[in-house]
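J.: Position chain B relative to chain A; hints supplied.
Here is what each chain is made of, one letter per residue.
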Amino acid sequence: MRIWTRGGALFAAASAIVLIAGCGSSGGSASSGTSGGGGATQGLTPPQAGTAVPASVGQTEGHLNLIAWEGYAQPQWVKPFQQATGCQVSTKYAGSSSEMVSLMANGGGGQYDLVSASGDADLRLIYGGDVKPININLMPSWKNFHPFLQSPPFNTIGGKHYGISLQFGPNVLLYSKSAFPSAPTSWSVLYNKKYAGQVTVPNNPIQIADAALYLSKTQPGLGITDPYELTQSQFNAAVNLLKQQKPLIKKYWDLASQEISLFSSGTTVVGAAWPYQTNTLVADHQKVADTIPAQGATGWADTWMLATKAPHPNCAYKWMQWATTPKVQAQQAVYFGETPANKLACPIMDQIQKGSCAAYHANAPESYYQTIKFWKTPLAQCGNGKNDCVPFQQWVSAWTQITG
Amino acid sequence: MTSTVAQGGRPGGEPASSRHAGGVPGGGSARLAAALWRRAWLRATLTLTPPLAWFLVIYLASLVVMLVTAFWSVNPFTNTLVHTWTLSNFRQLFTSTYLIIIGRTVGMAALVTVTDAVLAFPFAYYMARLASNRGRQLLFTAVLLPLWASYIARVYAWIVILQKGGTLSWSFQKLGLGAVNIGYTNTAMWLVFSYIWLPFMIVPVYAALERIPDSLLEASGDLGAHNWRTLRSVLLPLALPGVVAGSIFTFSLTLGDFITPLLVGGANSNFIGNVIYSNLGTAGNLPFAAALAVVPIVIMVFYLLGARLLGAFESL
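As you go down the protein sequences, you meet chains A and B in turn.
Numbering-wise (my numbering), the first sequence opens with residue 1 and increments by one.
Numbering-wise (my numbering), the second sequence opens with residue 405 and increments by one.
For reference, chain A alone in the conformation it holds in the complex (with noise of 0.2 Å):
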């Protein structure tokens, strides 16, 4: 069930924004000095970019109150923490990024310290002006992510880190070896009428991303560079070709359970999933394995922010810093099915369960992270300050058209 609850939080995320529109007519092209974040944030300054970050940590506060994901604050890494630092860790979970984006409105409220929030919410709350910016120099473990989640556009604007990289994963194409004995190379398969009634893909409206990163790849055409922001004859097309997709699915899973059973019943032989889902089948000897098609894949990443009224900031950081130890960050990937961001978490993975650091992927080269699409929250307004972008809520009504 905690699959499911991460399922609701990272797919069903993201009643859509935004503050971003609102402050894209006023804030306009006066503001400069912003960089990264996409088309979505250009010409914007956060309104805590100006905030000064402490120097060094203080005394700690005795408390700290954090809203997570469930399964992000576990007894097995937050009571050594708290016996290590004297913080008494009190944790709200969310079910979803908007759960979360609400908790957090007035800068936490004076209440929470830090929000585990996804790549979906991460800009709101940026441009909500309900995080501030903090001082990596602190984070010691920060040297040893994977590139990629150092600096990431999602949680890092104008050079400003709004809180430190924490997990992530990527949406894999899992297939049962039976009926492909080498791995597909394409997400073509999941198009193919040959499976008719053996595929299945999640029931959410972001697999129209999903389709639009495999037109980007296979009808250039189109025009289309990033599968977030799409224009409406891009994303007519996604859609068609998600209608034609549909006499070939079995069923459209909601929990990671669903998704296991339909695999271990040769239900369905190929289908969009997480890792999580073939090493669940994988260590239940299934003959299944998954795959990063040509096409790349969309993927989720998560990062522990800082509330701008975050009432125990030395707690925070001592926490941010105790989550992205490499032990902190094996146990909490093991533990939820996800990979950590700090490199060094790869043997420690592997000393909790054999072979899970490279089932996760926690030491693959840098080129495979460069093939996922990180997941962020389609809008109207996207590159370009053009308004022309099909936003969330018509992906939720298309997604509605093509399930029926």
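Quick caveat, the hints were computed from the structure, so don't treat them as lab data.
Hints should not be assumed to be uniformly reliable.
Calculated cross-link-like contacts (lysine-lysine; reagent style DSSO-like; alpha-carbon spacing at most 30 Å) [to be verified]:
(1) Lys568/B with Lys287/A
(2) Lys177/A with Lys568/B
(3) Lys287/A with Lys578/B
(4) Lys568/B with Lys246/A
(5) Lys177/A with Lys194/A
(6) Lys578/B with Lys177/A
(7) Lys246/A with Lys177/A
(8) Lys193/A with Lys246/A
(9) Lys243/A with Lys568/B
(10) Lys309/A with Lys578/B
(11) Lys246/A with Lys309/A
(12) Lys193/A with Lys177/A
(13) Lys193/A with Lys568/B
(14) Lys143/A with Lys79/A
(15) Lys243/A with Lys386/A
(16) Lys79/A with Lys309/A
(17) Lys568/B with Lys578/B
(18) Lys193/A with Lys287/A
(19) Lys194/A with Lys243/A
(20) Lys79/A with Lys92/A
T.: Only chain B this time, still in chain A's reference frame:
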């Protein structure tokens, strides 16, 4: 309408002495009880206020808020509510996508209701009129026992039964009937819904059948009616209100469900509830979700009116 509440919160107090306490100088509570006893309207007001306030504030007010929301819209840029009146949400309801989903939901609710009525009638008849006392108790326990287990657990059990290579398919193969693969289809949904809501049909039908006096059936026989004729002309008409009462449960419960479609449905299994859920949780489009939520309300209003005409509420 007892006055337990009005008696200063002394349930099981001594109503007899209170009644005579009018002129007796006593404690404050006794005086209060006396005052309340003399003023029936005050007693009634005090007794009725909590449930009425609950009904008005919690139930009706929330419904009204939802109805009002249905006439608003959401700004596509900021995702904030736009408080201008519009019918666009309702217009969107009448597009083929949503009409199909509404049709599927209502159709399934009707099918499940008919299935349960057909299954429940002979069962309830046996329980009410043929079984011994002990047998009746056993059967009642059997009917109600599934309600002790969680809804989710029971639905999951059906996934195991129905999926490819599952219990059902295995049994059919052993019997030489070939493999069946109905997991994740609308057929699976129909089976699971019929199973889950069956107790809600059996109990009211049983209550209706039990109330029919034996003398009516004997009279029917004395007048020369065969069993079949007695069933058709005596039993069925008298049991109908019970069937209709049961159907209110099976119909409305199916109409509002979204977990069974999510768990056992296939690629064509979206219910009204699923679309409401995704518009609320994923899209943050509260107005459209509210407009969609009006649909089952309207359907149930008509259903209940029809049920009242058939006398369903007499056996509730």
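J.: None of the hints should be skipped; say for each whether it holds.
T.: So, going through the hints one by one against the coordinates:
no.	hint	verdict
1	Lys568/B with Lys287/A	holds (17 Å)
2	Lys177/A with Lys568/B	holds (18 Å)
3	Lys287/A with Lys578/B	holds (26 Å)
4	Lys568/B with Lys246/A	holds (20 Å)
5	Lys177/A with Lys194/A	holds (16 Å)
6	Lys578/B with Lys177/A	holds (28 Å)
7	Lys246/A with Lys177/A	holds (23 Å)
8	Lys193/A with Lys246/A	holds (10 Å)
9	Lys243/A with Lys568/B	holds (25 Å)
10	Lys309/A with Lys578/B	violated (67 Å)
11	Lys246/A with Lys309/A	violated (47 Å)
12	Lys193/A with Lys177/A	holds (18 Å)
13	Lys193/A with Lys568/B	holds (20 Å)
14	Lys143/A with Lys79/A	holds (26 Å)
15	Lys243/A with Lys386/A	holds (28 Å)
16	Lys79/A with Lys309/A	holds (25 Å)
17	Lys568/B with Lys578/B	holds (15 Å)
18	Lys193/A with Lys287/A	holds (22 Å)
19	Lys194/A with Lys243/A	holds (16 Å)
20	Lys79/A with Lys92/A	holds (16 Å)
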